[in-house]
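Participant: Residue numbers (the numbering used here), protein chains in the order written: chain A, -3 to 234; chain B, -3 to 234; chain C, -3 to 234; chain D, -3 to 234; chain E, -3 to 234; chain F, -3 to 234.
There's no promise every hint is true.
Copies of the same chain look alike in the list, so a pair counts if it works inside one copy or between any two.
List of simulated lysine to any residue pairs, SDA-like, C-alpha gap at most 20 Å [unchecked claim]:
#	residue 1	residue 2
1	K153	N56
2	K205	G21
3	K153	V97
4	K152	N56
5	K152	R85
6	K205	N74
7	K139	H174
8	K152	S65
Keep in mind the hints are simulated off the structure, nothing from the lab.
From a predicted model like this one, the values you see are computed outputs, not experimental measurements.
Protein chains: 6
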Amino acid sequence: AEEDFESEIPRLDLGIEGLDQMIQGGVPEKHLIVVIGSAGTGKTTFGLQFLNHGLKNGENAVFMTLEQSREAITATANEWGWDFERYEREGQLAVVDLDPVEMANSLDNIQAELPELIKDFGADRLVLDSVSLLEMMYDDQAKRRTEVFDFTRSLKKAGVTTFLTSEASESNAYASRHGIIEYLTDAVFVLQYVRGETQETRLAVEIQKIRNANHSREQKPYEMTDEGISVYQQANIF
Amino acid sequence: AEEDFESEIPRLDLGIEGLDQMIQGGVPEKHLIVVIGSAGTGKTTFGLQFLNHGLKNGENAVFMTLEQSREAITATANEWGWDFERYEREGQLAVVDLDPVEMANSLDNIQAELPELIKDFGADRLVLDSVSLLEMMYDDQAKRRTEVFDFTRSLKKAGVTTFLTSEASESNAYASRHGIIEYLTDAVFVLQYVRGETQETRLAVEIQKIRNANHSREQKPYEMTDEGISVYQQANIF
Amino acid sequence: AEEDFESEIPRLDLGIEGLDQMIQGGVPEKHLIVVIGSAGTGKTTFGLQFLNHGLKNGENAVFMTLEQSREAITATANEWGWDFERYEREGQLAVVDLDPVEMANSLDNIQAELPELIKDFGADRLVLDSVSLLEMMYDDQAKRRTEVFDFTRSLKKAGVTTFLTSEASESNAYASRHGIIEYLTDAVFVLQYVRGETQETRLAVEIQKIRNANHSREQKPYEMTDEGISVYQQANIF
Amino acid sequence: AEEDFESEIPRLDLGIEGLDQMIQGGVPEKHLIVVIGSAGTGKTTFGLQFLNHGLKNGENAVFMTLEQSREAITATANEWGWDFERYEREGQLAVVDLDPVEMANSLDNIQAELPELIKDFGADRLVLDSVSLLEMMYDDQAKRRTEVFDFTRSLKKAGVTTFLTSEASESNAYASRHGIIEYLTDAVFVLQYVRGETQETRLAVEIQKIRNANHSREQKPYEMTDEGISVYQQANIF
Amino acid sequence: AEEDFESEIPRLDLGIEGLDQMIQGGVPEKHLIVVIGSAGTGKTTFGLQFLNHGLKNGENAVFMTLEQSREAITATANEWGWDFERYEREGQLAVVDLDPVEMANSLDNIQAELPELIKDFGADRLVLDSVSLLEMMYDDQAKRRTEVFDFTRSLKKAGVTTFLTSEASESNAYASRHGIIEYLTDAVFVLQYVRGETQETRLAVEIQKIRNANHSREQKPYEMTDEGISVYQQANIF
Amino acid sequence: AEEDFESEIPRLDLGIEGLDQMIQGGVPEKHLIVVIGSAGTGKTTFGLQFLNHGLKNGENAVFMTLEQSREAITATANEWGWDFERYEREGQLAVVDLDPVEMANSLDNIQAELPELIKDFGADRLVLDSVSLLEMMYDDQAKRRTEVFDFTRSLKKAGVTTFLTSEASESNAYASRHGIIEYLTDAVFVLQYVRGETQETRLAVEIQKIRNANHSREQKPYEMTDEGISVYQQANIF
Ligand SMILES: Nc1ncnc2c1ncn2[C@@H]1O[C@H](COP(=O)(O)OP(=O)(O)O)[C@@H](O)[C@H]1O
Ligand SMILES: Nc1ncnc2c1ncn2[C@@H]1O[C@H](COP(=O)(O)OP(=O)(O)O)[C@@H](O)[C@H]1O
Ligand SMILES: Nc1ncnc2c1ncn2[C@@H]1O[C@H](COP(=O)(O)OP(=O)(O)O)[C@@H](O)[C@H]1O
Ligand SMILES: Nc1ncnc2c1ncn2[C@@H]1O[C@H](COP(=O)(O)OP(=O)(O)O)[C@@H](O)[C@H]1O
Ligand SMILES: Nc1ncnc2c1ncn2[C@@H]1O[C@H](COP(=O)(O)OP(=O)(O)O)[C@@H](O)[C@H]1O
Ligand SMILES: Nc1ncnc2c1ncn2[C@@H]1O[C@H](COP(=O)(O)OP(=O)(O)O)[C@@H](O)[C@H]1O
Ligand SMILES: [Mg+2]
Ligand SMILES: [Mg+2]
Ligand SMILES: [Mg+2]
Ligand SMILES: [Mg+2]
Ligand SMILES: [Mg+2]
Ligand SMILES: [Mg+2]
């Protein structure tokens, strides 16, 4: 589908089989991407795989986790067969675990320093897993909004392609848990369970928005196989 | 459908193929228009195309964005093949990026000065993308209401045809996110995803209201093609 | 249906073709009427047409608007072919535009003076468009309730047949936006969009209540034609 | 259905044709009854008819209204052909209009005096139209609860069969608007609109509860005819 | 179904025909039971019948009511043919009516004294009708929670089989009105209206939980006959 | 299904027949597991059975209950035929009953000491029944969040495989009552009632998430038999 494609904007592949084929030309570089899904839909795996794809091609990358320990993340990547330990050893990858309470308290400092740090490290891809846990730390809705707003601004300034994970709203699979982040991002992917009439539950992905890119608007099934997430771009959900 | 049409009110075309045909005589000039839709429905594109249509015909225009940088807006227009750079260079167009936090804080000043500025620039069309991000900045519902109310008043006073974009309410595609702006505008357009029984998601537009104009009330499919938004006025959604 | 009709209460016609036929004997005079509907259902047009009907018959009338300018209202009436300018010139009609913020602040004064003013002007019909914008100005629910309550009292005291417009609740087409006004009125009309299985949207009206009058309880389609609102009392919606 | 009926509790008829047949033996005397319904379902008419039935049989009665003027109530009864003026003149009936704001403020006094007043007047039946307007006056939910609670206590103490009208909850036709009164009453009747697949709206009544009485649990259609409310106990709604 | 049943826990019958057959071995003694249902589902009757069953077998019992007077409860029991007056006279039964406001205010004292009082009276069965009215008295959710929590603790300490009635949540028949009590009880029964496609409303009971007992999970119809509540364990609802 | 399974992470069996077969390789050790379900779905039984499985194999275990007394838990286990008394006597098992109010107040101390205590006891499996009752004790949402957050951290630090039970949200069977715990756990199991078209209610289990494990995503029926919970991995629900 690339034939007549013309654009002045540099683009990249996510590294998710099948999903990349649904985006004409790829995702514009330096985009702020959010993937919305409930527990177990594979958001963390998506983020790891997105980084691994860049790392394989020699890019530099940062994985910031608020949910797990640094060791747990590396072990998980290892289980998937992605050699994060080596990339870390060789200075291509930084895995950072942050305490959400502390991060919320010192977000101003982090914001101030982040662009510099990212530049120094030469990061091409950055994952933050998950923005919901950060948002959850703010009790006051106004404070939460302003902080998340300023934080995404500083991420954009950092000039790195950024991948945020977010829990879904309980009542609406297409909205994030706190209903802010999808307003502030350039691209929105939605992961969800689709429960059929039988007892089977399938996973489905949909591209809701990518600024400056033509993309499919179909809902497509995906699975978590031994090699990570794989989207069945040719198949139907039921 | 123009044949027996008589009106004393001057009117204009939006510049969206197919949609203009659904409005008898066109949208009254100096109307305050809102387009409501969720992320990725094409609101920003709609606004850019609305401006481009005027610019092509020699009108002056202003694009105020709270979501993206000035550069990003120009790049996006460029991707669509609309030469915003030239219009800016030639003084026909002003693209202004505003920080929502700052805008919220200094809205009183902005309101006071806006009508003058618009007059001086001779703007015929103005876009504000998006009013939701401005509304989001106010924590206190009463404050938000009064500010948005006063702001729309000053826009009306400015005597420019104005196009506001707004996120949709999560539970009701026909209501704006904060439930204020549709009360204060002369025309309301609704963009939404329509999910069929298969895995396909289509985009559909509906005219909910245009003061002083007879219009179709049908829901019509549209697509984002290489030339921007195009409404299939003859087609059905499914 | 008038044949066996007996009543001691003087009544009037609304002036909406088809709808008047659905009310046995007409609406009792001095009733406080509310019409509930979402944006674009024709509430303002209904109000204008209700006044025009009285004006044509030599009655005096007042149109109070919180949403538009005096000029805009007159222009709109003109578009419909109703000569409000002449009625105003000849002292039969007063169009008053009020700033909702100011009105909310000085409602006590307005209430105190309104009955007198209405009497002096000799108004037979009064429209307030819309009560929702007034209600919206009160942040505190208790304050809103009491103010609206006292205001409707003073309208009843004024002894004029009054027509209020109100936005509908987002989740229930039969409830007003703020859920107060339908408790305080003698008659309730509901305007709503009815979306069929195809892409078509039709307008439908229903009489929910008229004190002291027998009326149809059927939902009937209506359209906004060149002559204003016209109810198809014989037709079905779908 | 009266044949094998045995009870030590004195009972009365409501005076609503068809509905009385749905209650074995009648409603126990001195019960606190609530009828729940939205605007226009006929709650006020039900109350008037309930009083008229007693008045016709020589009972004494009180009608307390928070919604209309004393004159309006008498005029309404007159329209239905119930001669409230005569009953008032002859000291059998008292119609009292109360300002809800004032009533809310002096409810403690009212409660203290009510049982005495009711006794002195010798009232057998009492209507309060509507308890929702009283409840609406309290901003603080706890205050509302306690006041309504104490008020119903004093009504029970007064030893009069009492009929309260209440607006329905917006989301649940079987719950009262403020969700308190159905907890505090001995009998609950539910009036509601039933919208069929065609455009027709029918009225239906259901008995939800009567302490110490066996009653039908079927939903039955009713109409407001020239003689007031009439329940079609033999018919089905659709 | 008792054949292979083995258990070390002493058990009792509720005394509701058909329902006892749905519980293998009976309800464990000293359980804290809640029955959840909306107005008119028969909760109070269930409680009376539960006591009467014990009284008939020579047990001692206490009925605490927050909703009705002591006299009303005795009259109701009498109507059902249960001779509560005799049981009271003979010291086997205590009917206590409490003012919910006062009870809420002095709950700490009540809690402190209740276990002793119950022991002294030798009560085998206790009914509290209804816990919702007690809960309603607390404005502050945290206070309500703690009070109800402590109160159920003291009931458990009292070592009496206790039967609480609770109103159902408006939106969920399986949840109690305040959403606390089902967390704190050993057994949960759900009474509800089931509205079929015709105009008929049937009553249905379901056992949601009984600690330490195997029970049916089917929803079964019941009726309020001349002998009280009777569950049709063999029948289907529709 | 174990044949090609390779992993560096040590794993364990839950001890629930049928469910263990749905997880490739077993649950990773030291995982923080939550099981979400409404009252009566068998959460406590699941927890007891999970411990009993470990105890049978010589592991050490702790059961912390906030809902029942220590004696009640042991009696319940006994009813199921699991000899908790012996395991306690022999020092392999500790059953601890905590007052939720006290636990909430001294959670900081508990957190500080828990890891040490667990280590000293050498616990391999730990159950907390239920986290909802703990969460319920916090009135302030922010406080609740932070406390639960810190508490789960300290559980993870303790290095014990932990099983938490949680009530389900009223409106969404896949969300916990307070909507926090599923964010903080490594594995999420969902127990729910599935009501078919007949009067029958079945129990169904679904694995929503297990970090680092491939698992079935089918919803499977289970029953509480004489031997505890048994999942019918081969069957369909209806
Ligand atoms: N080795 C594996 N093989 C296949 N699927 C796996 C494997 N490891 C984890 N998964 C799947 O990934 C899910 C967890 O994905 P994760 O990315 O942590 O979800 P999220 O971050 O959205 O909560 C598990 O529930 C399981 O279905
Ligand atoms: N060059 C393009 N060709 C076709 N579609 C595009 C192109 N660029 C963007 N789009 C579409 O426009 C969408 C974004 O539109 P946008 O106006 O930014 O939406 P909104 O402002 O409502 O969030 C993308 O999700 C994509 O579907
Ligand atoms: N000249 C006209 N001919 C036909 N329909 C018109 C005309 N002018 C306005 N309308 C219709 O009236 C609608 C606006 O009605 P209005 O009374 O302002 O609605 P509301 O007050 O309920 O928001 C428009 O959306 C359009 O459908
Ligand atoms: N004379 C009449 N003949 C028939 N129906 C009438 C008559 N007067 C009023 N009604 C009906 O009664 C309704 C109003 O009943 P009302 O008791 O005031 O309702 P509520 O108190 O529930 O709002 C009207 O909407 C109308 O349908
Ligand atoms: N003598 C009776 N015979 C049959 N049914 C009765 C009798 N007395 C009351 N009922 C039924 O019992 C219902 C009231 O039951 P009650 O236990 O008070 O309900 P709840 O406490 O759940 O509100 C009545 O609505 C009626 O249907
Ligand atoms: N001996 C038993 N045999 C079969 N089922 C039982 C037995 N004891 C309890 N149950 C079942 O277990 C349920 C209670 O399980 P429990 O684990 O306490 O649920 P939860 O903790 O989710 O509220 C009872 O409602 C009953 O269905
Ligand atoms: Mg994750
Ligand atoms: Mg946009
Ligand atoms: Mg209007
Ligand atoms: Mg009424
Ligand atoms: Mg009861
Ligand atoms: Mg439990």
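Participant: Hints broken by the structure, by number, lowest first?
Facilitator: 5
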